[in-house]
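*Asks:* Residue numbers (the numbering used here), protein chains in the order written: chain A, 1 to 368; chain B, 1 to 195; chain C, 1 to 308.
Since the hints were made in silico from the structure, they are not lab data.
Be aware that a few hints might be false.
As the list claims (entries may be wrong) - From the derived model, a few chain C residues whose C-beta atoms are all more than 10 Å from chain B: (1) Ala54; (2) Pro58; (3) Met71; (4) Ala114; (5) Ser248.
Stated by the list, open to error - Beta-carbon label-pair distances, calculated as ranges: (6) C/His191 with A/Gly89: 51 to 61 Å; (7) A/Ala10 with C/Ala179: 30 to 40 Å; (8) B/Ala57 with A/Glu236: 15 to 25 Å; (9) A/Gln40 with C/Gly118: 14 to 24 Å; (10) B/Ala75 with A/Gly89: 19 to 29 Å; (11) A/Ala268 with C/His191: 30 to 40 Å; (12) A/Phe315 with C/Glu255: 51 to 61 Å.
Said to hold, decoys possible - Chain C is faced by these chain B residues, among others (derived, beta-carbon under 10 Å): (13) Ala53; (14) Pro60; (15) Glu72; (16) Ala75; (17) Cys103; (18) Ser107; (19) Ala120; (20) Ala129.
Glycine residues also receive a C-beta, built at the ideal position from the N, C-alpha and C atoms.
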Amino acid sequence: MYVAVKGGEAAIDNAHRLLAEARRGDPDVPELTVAQIREQMALLVDRVMAEGSLYDPDLAALALKQARGDVVEAVFLVRAYRTTLPRFGASIPVDTGAMAVARRVSATFKDLPGGQVLGPTFDYTHRLIDFALAAEGATEPAAETEPRDDASTCPRVTDLLAQDGLIEPSPPDDGAPAGDLTREPVDYPADRALRLQALARGDEGFVLGLGYSTQRGYGRTHPFVGEIRVGDVAVEFVPEELGFPVPLGRIRLTECQMVNQFKGSGTAPPQFTRGYGLTFGQSERKAMAMALVDRALRAEELGEPVVSPAQDQEFVLAHCDSLQATGFVEHLKLPHYVDFQAELELVRRLRAEFEQTRDRAEMQKAAE
Amino acid sequence: MLAPGFADAVHDAQGTFRAVMDALARPGLLQRLDAGLEPPAPLTSELAAIALALTDADTPVWLDAGLAAAPEVAAYLRFHTGAPLTDDPARAAFALIRDPARCPPLSRFAQGTPAYPDTATTLVLALDAIASGEGLRLTGPGIDGAVRIALTPLPEGFVAQLAENHAGFPLGIDLILTAPGRVAGLPRSIAVTEG
Amino acid sequence: MRDAPYPERPDPSPQPSPERERGPGASEAGEAGYNFAYLDEGTKRMIRRAILKAIAVPGYQVPFASREMPMPYGWGTGGVQVTAAILGRADVLKVIDQGADDTTNAVSIRRFFARTSGVATTTRTTEATIIQTRHRIPETPLREGQILVYQVPIPEPLRFLEPRETETRQLHALAEYGAMHVKLYEDISRHGHIATTYAYPVEVAGRYVMDPSPTPKFDNPKMDQSPALQLFGAGRERRIYAVPPYTSVRSLDFEDHPFRVQEFTEPCALCGASGHYLDEVVTDDSGGRMYVCSDTDICETRVAEAAR
């Protein structure tokens with residue numbers, strides 16, 4: 001007996017209640033606080049801020065709590081909140097050269113002004129499960145750090161190379177307002193600023209895979225990590241009515257300057273070129289992958305053949321956003337009854353006609 | 001003191017937009033537009049309502065000579081919309097025209113491009129009166145057969161210009177025609193003939 | 001002369017304090033902290049401008065700066081943004097998915113607007129001023145003044161012939177639609193039929209080839225010369241397009257293979273209607289099937305009328 005599919009309302013209510021229950025888990029286990037997530041799942045919070053395009057650690061932590069730790073879902077919550085916020089304007093460009101660095105490494109020079117600063121990194125840990133962490137309440141001894149010198153003693157590696165003309169100059173600031181892909185749909189070909197925006201909020205896994213593909217020969221760029229730096233920078237804004245910069249606060253950023261080979265062309269001498277990555281918080285994997293893909297996307301500009309996915313800006317930009325991707329992939333679980341019905345009807349008709357034709361052919365054969 | 005904008009920013013803007021949308025969707029049919037604004041002269045209540053509902057920092061606005069000559073008009077629009085004013089009609093997203101008789105040739109406004117015909121200027125005209133059921137004959141999308149519409153004043157050579165504008169479809173400008181308490185639409189998709 | 005009903009002027013008297021606490025611009029019946037119909041006024045203006053240009057150039061896809069919405073891409077964000085931009089307090093909203101008002105996604109979107117705008121909602125096609133739809137056009141003929149808002153996943157009808165936006169944009173600019181005809185004709189030579197059953201391409205007002213969204217081609221004829229305004233929103237792909245009322249919408253076809261819609265051999269098992277699009281319902285695990293109207297409103301109305 002067919003019962004008309006009623007009860008969508010009740011089903012949704014129940015599903016939401018079940019979700020709330022599942023989110024909380026065993027009520028005998030203490031509930032997580034937003035502050036705990038912010039402080040102890042900091043890299044996850046950073047990723048949600050980066051892909052959510054909103055610098056707000058508390059909000060990102062809350063989104064993670066609400067999303068049961070699902071990163072894309074948390075990014076979604078943050079983006080949907082962000083989109084309702086009024087836009088006052090653009091800050092003046094942050095100066096990463098003046099960053100108070102917590103970590104700074106270069107793979108191109110053994111030592112350099114400002115030194116190599118390992119900072120908090122997994123890089124040289126042995127990936128052995130530390131069962132001591134399962135015991136609560138343990139406190140690690142405080143790390144020994146040297147007080148950092150003035151930020152001005154830590155110049156960017158690319159600036160050092162630029163002094164000798166070994167690397168292409170950083171494009172000058174022409175003063176034109178940068179585009180904003182959250183306010184204007186991407187129009188191809190997209191300029192580099194828009195491409196970098198898309199990559200900065202792009203899915204870490206997708207950008208990582210693309211960056212990796214360039215290392216494996218799909219749009220090879222011969223990269224070196226000129227420098228990765230992680231630290232805090234000041235954000236300043238010039239309100240129209242004041243006309244001078246007002247500090248808004250400090251944010252933590254990860255910047256990667258990739259130095260890539262360039263053989264030169266008829267008009268340009270051989271020199272190194274740049275790939276650039278920048279993310280909110282500490283995310284070296286993302287910043288490095290972004291720098292690789294940025295460089296790959298400059299293929300056309302640098303006269304290189306565009307043959308690989310990472311060099312194809314329509315492919316990269318149209319598919320790097322985790323929200324667009326997850327939404328459309330997951331929409332396949334919505335009902336498609338009426339379209340499927342249309343296909344069913346067609347396949348049945350084609351099959352009937354196929355059988356008719358075959359029967360006719362067999363009859364003809366039999367008759368011969 | 002600056003004249004106030006919409007009494008209810010959210011719902012008055014929505015109501016104005018819907019009247020304009022209906023006007024463009026049903027060219028030649030009059031829609032009510034009762035925004036209740038008292039903007040500085042020579043800006044009309046209807047021009048002001050449409051500007052407040054549709055323009056902002058992202059839309060350069062061009063003012064005709066009469067409106068541009070009144071600094072209070074620019075001050076009012078700047079304050080309530082934040083829209084940049086431009087003196088180049090080819091860069092205008094919207095053009096406000098108080099005196100249709102002295103409107104520049106329609107071809108001087110942005111026509112859109114073959115790839116992006118949506119980048120054409122929307123002209124908003126203040127007329128003394130618009131009457132339905134007589135006058136110019138309109139046919140095209142949004143019209144069940146044909147409708148007639150009479151514009152007062154009807155600038156000289158305007159019909160020929162409209163015909164030329166339509167001939168360039170999908171390029172061309174779109175017109176929003178206003179009269180006291182009324183709005184009608186004349187998008188580029190519409191063929192206009194006399195008689 | 002024909003006047004459209006203009007929404008009532010708002011009551012200028014101040015609202016009692018609880019409403020005031022929602023902050024400037026918040027609706028009386030809306031969700032705390034959010035504007036009427038969720039979107040901020042700047043976003044609405046941007047979408048409204050896109051809608052006006054879409055109406056002026058029927059069938060042309062206007063790029064717009066689609067926002068993240070609180071539901072996922074691919075679940076109706078384009079339609080939701082269009083509805084939010086046009087919706088007023090006097091509107092009556094109906095939301096359908098697969099023709100039905102009670103599918104979960106339709107319920108979810110209807111609730112979203114009830115919550116964020118406080119407008120009246122309905123399941124009756126005849127009562128609605130705005131109908132947001134996914135995959136169907138109601139069987140009840142629409143009338144003047146109604147607006148049908150389609151949720152669109154892939155707005156570009158040429159996308160599966162040419163994946164590049166730069167290419168398809170040029171094809172539309174040049175009205176170069178030969179490839180689409182070739183594709184349809186290849187179907188005919190292979191299958192003896194055009195094997196496109198939904199999202200069947202149409203030509204609008206003699207110019208642009210347009211994707212009607214994944215409605216079954218059964219619904220295509222309803223688009224032609226419809227008295228209602230048809231708006232299409234594609235959120236993820238950031239496009240809005242429109243078909244004004246009384247506009248020609250022609251399904252692409254060939255002289256020797258004219259366009260045909262699906263036909264059902266039996267009537268609806270619930271209301272007995274023939275000529276409606278039917279859902280096939282599997283009733284048991286031994287091949288039992290029944291066919292019922294995909295449009296729940298007309299089906300329920302007919303059943304109720306028969307019972308009287």
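*Asks:* Against this structure, judge whether each hint is valid.
*Replies:* Each hint, compared with the structure:
Non-interface status of C/Ala54 relative to chain B is broken: a Cβ of that chain comes within 10 Å, the nearest being about 8 Å off. The claim that C/Pro58 is not at the interface with chain B is violated, since a C-beta of that chain comes within 10 Å of its own (minimum 5 Å). With a least beta-carbon separation of about 22 Å from chain B, C/Met71 lies farther than 10 Å from that chain, consistent with its non-interface assignment. Listed as a non-interface residue, C/Ala114 keeps its Cβ farther than 10 Å from every Cβ of chain B; the least gap is roughly 17 Å.
For C/Ser248, the requirement that its beta carbon stay farther than 10 Å from each beta carbon of chain B is not met, with the minimum near 8 Å. Checked against the hint of 51 to 61 Å, the pair C/His191 and A/Gly89 passes, with Cβ atoms roughly 57 Å apart. A/Ala10 and C/Ala179 have their C-beta atoms about 48 Å apart, which leaves the hinted 30 to 40 Å range violated. Taken as a hint, the range 15 to 25 Å holds for the pair B/Ala57 and A/Glu236, whose Cβ atoms sit roughly 21 Å apart.
Distance hint for A/Gln40 and C/Gly118: a CB-CB separation of about 41 Å, inconsistent with the stated range 14 to 24 Å. Checked against the hint of 19 to 29 Å, the C-beta distance between B/Ala75 and A/Gly89 comes to roughly 22 Å, which is consistent with it. Roughly 54 Å separates the CB atoms of A/Ala268 and C/His191, a value that falls outside the hinted 30 to 40 Å. Checked against the hint of 51 to 61 Å, the pair A/Phe315 and C/Glu255 fails, with Cβ atoms roughly 39 Å apart.
With its C-beta approaching chain C no nearer than about 7 Å, B/Ala53 sits inside the 10 Å limit, and its interface hint holds. Here the hint on B/Pro60 is broken, as its CB sits about 13 Å from the closest CB of chain C, past 10 Å. Interface restraint check: B/Glu72 against chain C, minimum CB-CB distance 24 Å, threshold 10 Å, status violated. Interface restraint check: B/Ala75 against chain C, minimum CB-CB distance 21 Å, threshold 10 Å, status violated.
Given hint, B/Cys103 at the interface with chain C, is violated; its Cβ is 18 Å from that chain's nearest Cβ, farther than 10 Å. A least Cβ separation of about 17 Å between B/Ser107 and chain C goes past the 10 Å threshold, and the interface hint is therefore violated. With its C-beta approaching chain C no nearer than about 8 Å, B/Ala120 sits inside the 10 Å limit, and its interface hint holds. Hint status for B/Ala129 relative to chain C: violated, with the closest Cβ pair at about 12 Å, above 10 Å.
Comparing the model with each earlier hint shows violations of hints 1, 2, 5, 7, 9, 11, 12, 14, 15, 16, 17, 18 and 20; every other hint is respected.
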